[in-house]
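A.B. asks: Protein chains in written order, with the working numbering: chain P, 1 to 286; chain G, 1 to 390; chain X, 1 to 336.
Since the hints were made in silico from the structure, they are not lab data.
Virtual Cβ for every residue (Gly too), placed ideally from N, Cα, C.
One or more hints might be untrue.
To be verified - Distance windows between CB atoms, simulated: (1) Leu-79(X) <-> Thr-362(G): 23 to 33 Å; (2) Trp-246(G) <-> Leu-252(P): 53 to 63 Å; (3) Gly-53(P) <-> Thr-379(G): 25 to 35 Å.
Said to hold, decoys possible - Keeping only pairs whose Cα atoms sit at most 30 Å apart, straight-line, the calculated DSS-like set for lysine-lysine is: (4) Lys-183(G) <-> Lys-78(X); (5) Lys-215(G) <-> Lys-183(G); (6) Lys-191(G) <-> Lys-167(G); (7) Lys-136(G) <-> Lys-78(X); (8) Lys-137(G) <-> Lys-78(X); (9) Lys-262(G) <-> Lys-137(G); (10) Lys-191(G) <-> Lys-7(X); (11) Lys-301(G) <-> Lys-339(G); (12) Lys-330(G) <-> Lys-307(G); (13) Lys-195(G) <-> Lys-164(G); (14) Lys-330(G) <-> Lys-295(G).
To be verified - Derived list of chain X stretches under chain G, where covered just means 3 residues or more per stretch with a C-beta under 8 Å from a C-beta of chain G: (15) 19-32; (16) 133-139.
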Amino acid sequence: MLTVIVSGLAIGAVYAAAALAYNVMYSTSKVLSVTTGHLCMLGGVFGAWFIAGLGLPIPVGLAGAIAVGALFGWITEIVGVRRVLARSDEHLWLLSTLALATMIQQAVGLWWGTEPKPFPRLIPQDFSAGLFDQKYWLPILVVILMAAGLELFYRLTLWGKLFQATSEDAFAARARGIPTDRVRSLSYLLSGAVGGLAGFTAGQLTFAFFALGLSLTLNGFIALAVGGLGSNLGALVGGAGLGLLSAFATYLFGGEYQQTIAVGLLMLVLLVRPEGLFGAKRVRPV
Amino acid sequence: MRALSWMRALSICALAFAATTGAGAQEPIKIGWLSSLTGPLSSAAIAENQGVQFAVDEINNAGGILGRKIELLTRDTAGEPTKAVNLAQQLAFSDKVHFIIGPVNSGESLATGPILARAGMPNIVIGAIDELIDVKKYPLAFRAINTNTQWIEGGIGYGLDVLKRRKVAVIGDTSGYGTSSAKTAGELLEKAGVKPVYTVLIDANKTDLTDEMTKARAAGADVLMPWSAATGLMARLLNTRGSMGWDVPVVGHPALMALPIKALLNKPEYWENVFAAGYTSTTYVDGKLPERTQKLVDQVKPALGGKIDFTFWWVALGYDTVKIIEHAVKTAGSTDPAKFKDVLEKTTDLPGVYATYSWSPTNHNGFPDKNIVVNSANTFKDGSYEAAPR
Amino acid sequence: MTRGRAKWALALVFGIVLVSLPYWVRDLYQLHLASLIGAYWVLIAGLNLVVGYTGQLSIGHVGLLAVGSYCFAILAGKLGLDPQLSMAICGALGGLVGAVLGLPSLRLPGFYFAMATMAFALIVTELSLAQGDLTGGGTGLSVPGFSAPFDTPWGNYWLILAIGTLITWLTWNVARLMWGRALIAVRDSEVAAASVGVGIFRLKLTVFIFSGVTAGIGGALFASLQSYITPDTFVFEIGLFFFVCIIIGGRGTILGPFIGTVILTALPELVAPLAKFGTFFYGLTLLVVVLLIPEGFGRLVELAVARFSGEPHRSHEVRPDLVRLGAALKEREVAS
Numbered sequence: 001m002l003t004v005i006v007s008g009l010a011i012g013a014v015y016a017a018a019a020l021a022y023n024v025m026y027s028t029s030k031v032l033s034v035t036t037g038h039l040c041m042l043g044g045v046f047g048a049w050f051i052a053g054l055g056l057p058i059p060v061g062l063a064g065a066i067a068v069g070a071l072f073g074w075i076t077e078i079v080g081v082r083r084v085l086a087r088s089d090e091h092l093w094l095l096s097t098l099a100l101a102t103m104i105q106q107a108v109g110l111w112w113g114t115e116p117k118p119f120p121r122l123i124p125q126d127f128s129a130g131l132f133d134q135k136y137w138l139p140i141l142v143v144i145l146m147a148a149g150l151e152l153f154y155r156l157t158l159w160g161k162l163f164q165a166t167s168e169d170a171f172a173a174r175a176r177g178i179p180t181d182r183v184r185s186l187s188y189l190l191s192g193a194v195g196g197l198a199g200f201t202a203g204q205l206t207f208a209f210f211a212l213g214l215s216l217t218l219n220g221f222i223a224l225a226v227g228g229l230g231s232n233l234g235a236l237v238g239g240a241g242l243g244l245l246s247a248f249a250t251y252l253f254g255g256e257y258q259q260t261i262a263v264g265l266l267m268l269v270l271l272v273r274p275e276g277l278f279g280a281k282r283v284r285p286v
Numbered sequence: 001m002r003a004l005s006w007m008r009a010l011s012i013c014a015l016a017f018a019a020t021t022g023a024g025a026q027e028p029i030k031i032g033w034l035s036s037l038t039g040p041l042s043s044a045a046i047a048e049n050q051g052v053q054f055a056v057d058e059i060n061n062a063g064g065i066l067g068r069k070i071e072l073l074t075r076d077t078a079g080e081p082t083k084a085v086n087l088a089q090q091l092a093f094s095d096k097v098h099f100i101i102g103p104v105n106s107g108e109s110l111a112t113g114p115i116l117a118r119a120g121m122p123n124i125v126i127g128a129i130d131e132l133i134d135v136k137k138y139p140l141a142f143r144a145i146n147t148n149t150q151w152i153e154g155g156i157g158y159g160l161d162v163l164k165r166r167k168v169a170v171i172g173d174t175s176g177y178g179t180s181s182a183k184t185a186g187e188l189l190e191k192a193g194v195k196p197v198y199t200v201l202i203d204a205n206k207t208d209l210t211d212e213m214t215k216a217r218a219a220g221a222d223v224l225m226p227w228s229a230a231t232g233l234m235a236r237l238l239n240t241r242g243s244m245g246w247d248v249p250v251v252g253h254p255a256l257m258a259l260p261i262k263a264l265l266n267k268p269e270y271w272e273n274v275f276a277a278g279y280t281s282t283t284y285v286d287g288k289l290p291e292r293t294q295k296l297v298d299q300v301k302p303a304l305g306g307k308i309d310f311t312f313w314w315v316a317l318g319y320d321t322v323k324i325i326e327h328a329v330k331t332a333g334s335t336d337p338a339k340f341k342d343v344l345e346k347t348t349d350l351p352g353v354y355a356t357y358s359w360s361p362t363n364h365n366g367f368p369d370k371n372i373v374v375n376s377a378n379t380f381k382d383g384s385y386e387a388a389p390r
Numbered sequence: 001m002t003r004g005r006a007k008w009a010l011a012l013v014f015g016i017v018l019v020s021l022p023y024w025v026r027d028l029y030q031l032h033l034a035s036l037i038g039a040y041w042v043l044i045a046g047l048n049l050v051v052g053y054t055g056q057l058s059i060g061h062v063g064l065l066a067v068g069s070y071c072f073a074i075l076a077g078k079l080g081l082d083p084q085l086s087m088a089i090c091g092a093l094g095g096l097v098g099a100v101l102g103l104p105s106l107r108l109p110g111f112y113f114a115m116a117t118m119a120f121a122l123i124v125t126e127l128s129l130a131q132g133d134l135t136g137g138g139t140g141l142s143v144p145g146f147s148a149p150f151d152t153p154w155g156n157y158w159l160i161l162a163i164g165t166l167i168t169w170l171t172w173n174v175a176r177l178m179w180g181r182a183l184i185a186v187r188d189s190e191v192a193a194a195s196v197g198v199g200i201f202r203l204k205l206t207v208f209i210f211s212g213v214t215a216g217i218g219g220a221l222f223a224s225l226q227s228y229i230t231p232d233t234f235v236f237e238i239g240l241f242f243f244v245c246i247i248i249g250g251r252g253t254i255l256g257p258f259i260g261t262v263i264l265t266a267l268p269e270l271v272a273p274l275a276k277f278g279t280f281f282y283g284l285t286l287l288v289v290v291l292l293i294p295e296g297f298g299r300l301v302e303l304a305v306a307r308f309s310g311e312p313h314r315s316h317e318v319r320p321d322l323v324r325l326g327a328a329l330k331e332r333e334v335a336s
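Work out the full structure: start from the sequences and follow the hints.
C.D. replies: Put into structure tokens, the structure is as follows:
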């Protein structure tokens, strides 16, 4: 029973990280990118490549994975979001990020291979540690730290306040001299870094696998919707909830209905409380 | 005068016609090869492709079959049944090949079988699922690989008779192959008088198998039988078994002894006490491989860069599929599908590298039961294995 | 010839070409490809109303295709019902599932809706694998063909052609009349449409149910062409493929997505060596179209045609009638 809880929380941590990444992106652009899950996947794949493939030391591999995540987050902004936001059509960014996500997944699949490859051991630890194995507590710890860090960033630093200003009213922000384009780029870079770091720490749990992206996009989104758009605490709660639910459902009913149950949760929350548990009701002028 | 020139014209035409039909006899034998070179389970297809290409080159360099060269048309199905169906139709109707080998994945083969049967196209089947061969529904389909039942029976035989275990946990994955294998395993076990104590289907990408393994242990299992082609899943299974400190033997699908598993294991010891269904053709006896296998290994090694770091029976299987076609055409004297069927149905003990094949009018599965053997999983050397201790 | 008449003549020629296709096509493989395009088009024509006209980004319609296919395989195959009747039931079931999916999802904003449809597609695959007794699980089901006179390849093709033409005519009517304008209004600005009195949710739901019906029928046709279906057949990439056909063809037109379907189905067959780049290519095409030509290739064709056919209205050169002017001036002189 305890293993179910711990493994559920561990995978839930990855979902929560994807939800955090969504939040950061949303905070400056009101855009939810389909590439979010793929950023986590890239962190895991490139981390494995740097450390196991190229033989670089672990801290370098870590920095590399974060850098790759940030880079692809930035590419998402430049290619998928910037040009598209200028037009009035609301849905174009969904199409462009979907296209970009497909391209990233296929390219990685062609380069890395379609089989899950091993992720190297990060901290020397015996494998019979059971519940205290690092593949469980590493993602959980790192994601909690990231969420705390983001909250501090928004509340205490100037850049955090710039993010919030840009999201509340882009025109007013620009009138005050804030370079909204650059702020937006920075936020995508940050969300890519968040995703990359999360993918790296969860690598031992998920193995370095190219097809993770789409599943993480969907599950991260469910965590986000359940927890509430715009709330980091909600992202953590939503991710943990989804992870635990999936783990218990698999334990009790077998792995065959995993997806159905996860989406069932989503539908339930959306019907009862559409803005999510900790989300704020969106009000917009008409 | 006119009559003479008419006759001259006619005779020239007749000669020209004869010449072209004479030249027609030199037209190449076209073999279509449906391979999933990209997509899931591509490693097997790539290795089989090596075997097929090598056989075609070898035969062509020796002058071809009955003086006709082989033209190999390779099509990549990417593991998608829809593409496999389209490409099978393309090969049969547009390219008008004489024979088709493959597809590699059972899911694709299930879809192309009826189509090739309708097109009257001879098909060498290399998928393992039992339903692929049916003498009535697919009269021109002949299987070269073993059937799934043969694999599973080999594994069960080892687990029950050699290891003397009675409490079996059957583990499959949620893919098409995995679900049908788990079902077949359950049925065969019951026929042998043993009911599995625990059966589970696991998503091949599931990250943590502790629940399932704990449940298996709690159910009192004393042997694990996983039937999945997913190396990731197999590796995680062995890792979980190791970190639980559970010393239960594992007997199952050949994927257990695939080389990529070595890199995925947390500790090399986790590969001990693991056995997998294998072949006499790729098993070392007293340190030596069977003669035909050794010969092919030596011939193919230089082309593969001097070393073999994948399972060799894939290459041998690919090689044999072309040789089977060669045998059929040579004996029949033509590429006529009806004669092809006739010849193969009368073929017994055709010596190949991968196995010794026998077909009959009532049985189009050519692989003999006795060519299945159980190997120790961690004994990989140059693509072949040691036999498991008896 | 006026433009209207020219259009009719073109449509007639096109129709004759399509009907006579089995005779001039080179071999059975190309006929199979044409039938496949037709089966896809039946689904895409309905989906076009949802995506192209109403702007609801459903990326998981492959789930409805799967529902139609499995329904047909079970009814016509396992239970042995009349294939044509089974196909009709598949359409009804597709509509029903569309309603069940649409009711909770259509109220959601764009991204949420897209994710909901994607999740639906994954659920359908999961359920078809899990419900082994009904769907044959991993091994799948074999699918019979239609009964005479549609059991030959060209009979099958004509059946698909007839159904495709019917569906196209239906969607064309919807697009042409007030409904079509309402749909486009909803796509471009829901708020403005609502303020003009368009019943948004009911509109979206009706259109979505219709797309479910066409997907069910398309699924039945697709399954009989495949002759054997497994859960692996309905990968998520196919849903993406339908979606891309519509977007690159051009939203808001009927012909555009049809051209998109033909191109995207035939292209992988022509460039078979590049098979592994297939899905990457879809993504790249979608990206290029969204960034550079968001109205799709249909619009490009329209622009090219307009460029070459010249100005439709020529400005009238004004020539003064000098004789009359002279007479009028003389009159004035005389009068004054």
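A.B. asks: So, for every hint listed, does it hold in this structure?
C.D. replies: Do the hints match the structure? See the list:
1. Leu-79(X) <-> Thr-362(G): 23 to 33 Å: 30 Å, holds
2. Trp-246(G) <-> Leu-252(P): 53 to 63 Å: Since Trp-246(G) and Leu-252(P) have Cβ atoms about 23 Å apart, the given range 53 to 63 Å is violated.
3. Gly-53(P) <-> Thr-379(G): 25 to 35 Å: Given range 25 to 35 Å: holds, Cβ gap about 27 Å.
4. Lys-183(G) <-> Lys-78(X): It holds: about 20 Å lies between the C-alpha atoms, which stays within 30 Å.
5. Lys-215(G) <-> Lys-183(G): Since the Cα atoms of Lys-215(G) and Lys-183(G) sit roughly 19 Å apart, the hinted pair holds (cutoff 30 Å).
6. Lys-191(G) <-> Lys-167(G): 15 Å, holds
7. Lys-136(G) <-> Lys-78(X): 19 Å, holds
8. Lys-137(G) <-> Lys-78(X): 16 Å, holds
9. Lys-262(G) <-> Lys-137(G): 42 Å, violated
10. Lys-191(G) <-> Lys-7(X): Violated, at about 70 Å.
11. Lys-301(G) <-> Lys-339(G): Between Lys-301(G) and Lys-339(G) the Cα gap is close to 36 Å, so the pair fails against 30 Å, i.e. violated.
12. Lys-330(G) <-> Lys-307(G): Violated, at about 34 Å.
13. Lys-195(G) <-> Lys-164(G): 15 Å, holds
14. Lys-330(G) <-> Lys-295(G): Holds: Lys-330(G) and Lys-295(G) sit about 23 Å apart, inside 30 Å.
15. 19-32: holds (count 6)
16. 133-139: With 3 residues closer than 8 Å to chain G, the stretch 133-139 of chain X meets the three-residue bar; holds.
Of the hints listed earlier, those the structure fails to meet are numbers 2, 9, 10, 11, 12, in rising order.
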